[in-house]
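As you go down the protein sequences, you meet chains A and B in turn.
All residue numbers for the first sequence refer to the numbering used here, where the first residue is 201 and numbers rise by one.
All residue numbers for the second sequence refer to the numbering used here, where the first residue is 29 and numbers rise by one.
Note that these hints are calculated values from the structure, not bench results.
Don't take every hint at face value.
As the list claims (entries may be wrong) - No farther apart than 27 Å at their CA atoms in a straight line, the calculated lysine-lysine pairs in the BS3-like style are these:
(1) B:280 <-> A:274
(2) A:274 <-> A:314
(3) B:280 <-> B:57
(4) A:298 <-> B:280
(5) A:301 <-> A:314
(6) A:301 <-> B:185
(7) B:185 <-> A:298
(8) B:280 <-> A:208
(9) B:57 <-> B:185
(10) A:298 <-> A:274
(11) A:298 <-> A:314
(12) A:274 <-> B:185
For clarity, every value in this text was computed on a predicted model and none was experimentally measured.
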Amino acid sequence: MSTILELKNVSVTLDHHAIVRDISFAIEDGENIAIIGPNGSGKTVLLKAILNLVPYEGEIIWRPGTTAGYVPQKIDADRSVPLNVRNLLVSKAHIIGKGEKEIAEAIRRVGLSKESVATPIGHLSGGQFQRALIAFALLGEPDIVLFDEPTASMDEPGEEQMYALLDRLRAEAGITAVVVSHDLSFVYRHADKVLCLNRSGLCFGVPAGVLTPELLATLFDAPTFYGHTHS
Amino acid sequence: MIASSFFAVVLGLASALVAGLVGSFALMKRITLAGDVISHLALPGLGLAFLWHFPPLAGAAATLAIGIVLIDQLQRRSGLIAESAIGVVFVAALAAGTLVTPTEDLIDALFGGFGEITAAGFVLGLAGCAVVAATIYLLRHQMILGIFSPDLARSLKINVDRANTLYFCSFGLTVLLGLHFLGALLVGAMIIVPPAVARRLASTLDQYLILSALVSMIAVGLGFAVSIHWHLPLGPTIVAVASLIFAASLAKRM
């Protein structure tokens, strides 16, 4: 195993507000890392910093040649735009220099039907849309995939299916994954390591070891937690 | 005269084709109105050109370039301030343009039809069409991903801002190409109306792009025929035909 990604003292300040402060951790090949924390704790922003989508201080060191896939939490798909999943996959394939074979493979991996692939993105169900986003991230077989709350807009059976899909992808493709989640049961069942985030990092390590009742109380009893809603 | 009419029809159709393509991306990017504002920035340039007797399209090109930089920068900021600023640019350009344009040239500047198309203008115009078509073709994948999600596009190392700027430049060039036929006030119509029709009728991206270009060319072709036959001004006739096609497309249920 070798380190695929390392963060050293990473802080993000947006509009003069400190969103995340002084985060350090490393991810090894094949690991499944969960990032948990209450709403407003900076999880999404940290992922964006890792992908260089927002300015940050500190160091983010990628192993040379590493490719990353990104599954964002929410995209307000415009219903009036005549784009379907296939159009998006074709465009990404073109940008990263891949072809039809890789597109078919990405679609197969997430189990999207032919009809879903040809449906305008604004007309897909929440679950289909999420699978489409994952297929998009998987296209080209990236070394690491960053998932931002992949089950945010799903009911419980949907969540279970999504977790089963993530497990299968890890087993099949051996991908390294970073999954932002607010679901503790996911963390215990699926994550090798967990980063507890509430603007600053409160813990990092094996879930059974670091997630003590005291730590969870500190993590989720912060005032931001009372604003937590499932929309 | 015959050569000039031939030049006008061919260049009109070629410009229509690229206007349909550029417009279809403008609609997906939801910037049709910002784009329309860019087109009105041609008016002060036309006015100054008439006033000081230099080629109208050279004047329009100069003020359009300023407009593109302005709107491009404003588009990168979001929210009400950007929207109002674009609105202010729009009315200011119209007012300034109207004030500087000599009265006898105002109607031509607003609705098109000034001067004849020379052989050199014809060749330059076709070259402009080719440049716009090539730019849109090369940028299409970057733009599609940028429209879907700028963050996802950036995560693939696509320079979204650069793609936008290049797109706006093609937009400006398209406006310049249509200006001769439609004038500063109506040239936006060829970028707005054909994609609106195509959006109603098409169900896939390819259909949408092809239909948009096709509707645009049909409107210009029919517009030429109607305007010659009934001695009507060309620009307003083309836009009226395009609007009628849009009205007909409403018959299809979404």
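The hints, checked one at a time:
This hinted pair does not check out: residue 280 of chain B and residue 274 of chain A have alpha carbons roughly 32 Å apart, beyond 27 Å. Proximity of residue 274 of chain A to residue 314 of chain A is assessed by CA-CA distance (about 23 Å); at most 27 Å being required, the pair is judged to hold. The hinted pair formed by residue 280 of chain B and residue 57 of chain B meets the criterion: a straight-line CA distance of about 24 Å does not exceed 27 Å. The straight-line distance between the Cα atoms of residue 298 of chain A and residue 280 of chain B is roughly 38 Å, outside the 27 Å bound, and the hint therefore fails.
Simply put, residue 301 of chain A and residue 314 of chain A have alpha-carbon atoms about 15 Å apart, close enough for the 27 Å limit, and the pair holds. Of the supplied pair hints, the one linking residue 301 of chain A and residue 185 of chain B holds, its CA atoms being roughly 22 Å apart against a limit of 27 Å. At roughly 15 Å between alpha-carbon atoms, residue 185 of chain B and residue 298 of chain A fall within 27 Å of each other, so this suggested pair holds. For the hint pairing residue 280 of chain B with residue 208 of chain A, the CA-to-CA distance comes to about 58 Å; that exceeds 27 Å, so the pair is violated.
Restraint check: the Cα-Cα separation between residue 57 of chain B and residue 185 of chain B comes to about 20 Å, which is no more than 27 Å; the hinted pair holds. For the hint pairing residue 298 of chain A with residue 274 of chain A, the CA-to-CA distance comes to about 26 Å; that is within 27 Å, so the pair holds. Proximity of residue 298 of chain A to residue 314 of chain A is assessed by CA-CA distance (about 20 Å); at most 27 Å being required, the pair is judged to hold. The suggested pairing of residue 274 of chain A with residue 185 of chain B holds, with an alpha-carbon distance near 20 Å, which does not exceed 27 Å.
When the structure is compared with the earlier hints, violations turn up for hints 1, 4, 8 and for no others.
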